[in-house]
Amino acid sequence: EPEVTQTPSHQVTQMGQEVILRCVPISNHLYFYWYRQILGQKVEFLVSFYNNEISEKSEIFDDQFSVERPDGSNFTLKIRSTKLEDSAMYFCASTTSEGSSGANVLTFGAGSRLTVL
Amino acid sequence: DQQVKQNSPSLSVQEGRISILNCDYTNSMFDYFLWYKKYPAEGPTFLISISSIKDKNEDGRFTVFLNKSAKHLSLHIVPSQPGDSAVYFCAAMGVFGNEKLTFGTGTRLTIIP
Chain A
1 EPEVTQTPSH QVTQMGQEVI LRCVPISNHL YFYWYRQILG QKVEFLVSFY
51 NNEISEKSEI FDDQFSVERP DGSNFTLKIR STKLEDSAMY FCASTTSEGS
101 SGANVLTFGA GSRLTVL
Chain B
1001 DQQVKQNSPS LSVQEGRISI LNCDYTNSMF DYFLWYKKYP AEGPTFLISI
1051 SSIKDKNEDG RFTVFLNKSA KHLSLHIVPS QPGDSAVYFC AAMGVFGNEK
1101 LTFGTGTRLT IIP
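Chains A and B, in that order, give the protein sequences. Those letters in the first sequence? Residues 1 to 117, by the numbering used here. Those letters in the second sequence? Residues 1001 to 1113, by the numbering used here.
It should be emphasised that the hints constitute simulated quantities derived from the structure, not laboratory data. One or more of the hints may lead you astray.
[Stated by the list, open to error] Calculated pairs, DSSO-like style, for lysine-lysine (alpha carbon to alpha carbon, straight line, at most 30 Å): (1) Lys1054/B <-> Lys1005/B; (2) Lys83/A <-> Lys57/A; (3) Lys1037/B <-> Lys1068/B; (4) Lys78/A <-> Lys42/A; (5) Lys1056/B <-> Lys1071/B; (6) Lys1005/B <-> Lys42/A; (7) Lys1005/B <-> Lys1056/B; (8) Lys1068/B <-> Lys1005/B; (9) Lys1071/B <-> Lys1005/B; (10) Lys1054/B <-> Lys1071/B; (11) Lys57/A <-> Lys1005/B; (12) Lys42/A <-> Lys1056/B; (13) Lys57/A <-> Lys1037/B; (14) Lys42/A <-> Lys1071/B; (15) Lys1056/B <-> Lys1037/B; (16) Lys1037/B <-> Lys42/A; (17) Lys1068/B <-> Lys57/A; (18) Lys1037/B <-> Lys78/A; (19) Lys1037/B <-> Lys1005/B; (20) Lys1037/B <-> Lys1054/B; (21) Lys57/A <-> Lys78/A; (22) Lys1054/B <-> Lys1068/B; (23) Lys1054/B <-> Lys42/A; (24) Lys42/A <-> Lys83/A; (25) Lys42/A <-> Lys57/A; (26) Lys1056/B <-> Lys1068/B; (27) Lys42/A <-> Lys1068/B; (28) Lys1037/B <-> Lys1071/B; (29) Lys1005/B <-> Lys83/A; (30) Lys57/A <-> Lys1071/B.
Quick caveat, the model's predicted, so the values are computed rather than measured.
Could you put the whole structure together from the sequences, leaning on the hints where they help?
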């Protein structure tokens, strides 16, 4: 069964450092997402990406965050200068539809745990 | 701004019995509702969904009920099995079906053998 793969599974970084989290979405999917879950809290939407541009972003997704699809397969989330509060599990997700009459199920990766010290 | 709420952080159910997980929402613009299941160290996995034009959707042991007037949905699992022990997230999305998901806070379900 196709899956969304994420690397690294766990990254520890110092506050102020740049971090890049990588995702390989399912190959025929067109919509890509990043979500995060701070320990003990709900899964929160960060950003959606379609046709090589951001289609929607949350207020969490400030200027410190950026996303890129550099080579047609990878989808990356960059945090320029990490803060303690960026410590969370970051989930990449993708879905196929260009728009339909039914809910399109997002397929999530296993997540990348980011620990900022 | 909790548009999707799961008021029970945890639930314990005997194996073989029915598990009922509840979810409330505030945004009447939501058009689809989904349940995801999450095991530790894994991403959320899709379980079942329902459109706002329906009031019930069934898939094997899992049934989701939607009460649109009350802005309430529930997930029924019967019979409950030990492998069902996980965190269950209720999620909602808008009319186009590929919009962002808004998640609830999750309910940790423990099935007691």
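Each hint, compared with the structure:
1. Lys1054/B <-> Lys1005/B: holds, 20 Å
2. Lys83/A <-> Lys57/A: holds, 19 Å
3. Lys1037/B <-> Lys1068/B: Within the cut-off at roughly 23 Å; holds.
4. Lys78/A <-> Lys42/A: holds, 21 Å
5. Lys1056/B <-> Lys1071/B: At roughly 14 Å apart (the allowed maximum being 30 Å), Lys1071/B and Lys1056/B satisfy the hint.
6. Lys1005/B <-> Lys42/A: holds, 10 Å
7. Lys1005/B <-> Lys1056/B: Judged against 30 Å, a Cα distance of about 20 Å means the pair holds.
8. Lys1068/B <-> Lys1005/B: holds, 15 Å
9. Lys1071/B <-> Lys1005/B: Answer holds: Lys1071/B to Lys1005/B is near 11 Å, not above 30 Å.
10. Lys1054/B <-> Lys1071/B: Given that 30 Å is the threshold and the Cα spacing comes to 13 Å, the pair holds.
11. Lys57/A <-> Lys1005/B: holds, 21 Å
12. Lys42/A <-> Lys1056/B: holds, 25 Å
13. Lys57/A <-> Lys1037/B: holds, 24 Å
14. Lys42/A <-> Lys1071/B: holds, 20 Å
15. Lys1056/B <-> Lys1037/B: holds, 19 Å
16. Lys1037/B <-> Lys42/A: holds, 13 Å
17. Lys1068/B <-> Lys57/A: With a Cα-Cα distance of about 28 Å, the restraint between Lys1068/B and Lys57/A holds, given a limit of 30 Å.
18. Lys1037/B <-> Lys78/A: Between Lys1037/B and Lys78/A the Cα gap is close to 27 Å, so the pair holds against 30 Å.
19. Lys1037/B <-> Lys1005/B: With Cα atoms ~16 Å apart, Lys1037/B and Lys1005/B stay inside 30 Å; holds.
20. Lys1037/B <-> Lys1054/B: With Cα atoms ~22 Å apart, Lys1037/B and Lys1054/B stay inside 30 Å; holds.
21. Lys57/A <-> Lys78/A: holds, 14 Å
22. Lys1054/B <-> Lys1068/B: holds, 9 Å
23. Lys1054/B <-> Lys42/A: Holds, at roughly 26 Å.
24. Lys42/A <-> Lys83/A: holds, 19 Å
25. Lys42/A <-> Lys57/A: Holds, at about 17 Å.
26. Lys1056/B <-> Lys1068/B: holds, 11 Å
27. Lys42/A <-> Lys1068/B: holds, 23 Å
28. Lys1037/B <-> Lys1071/B: holds, 21 Å
29. Lys1005/B <-> Lys83/A: holds, 28 Å
30. Lys57/A <-> Lys1071/B: holds, 26 Å
In this structure, every one of the numbered hints holds.
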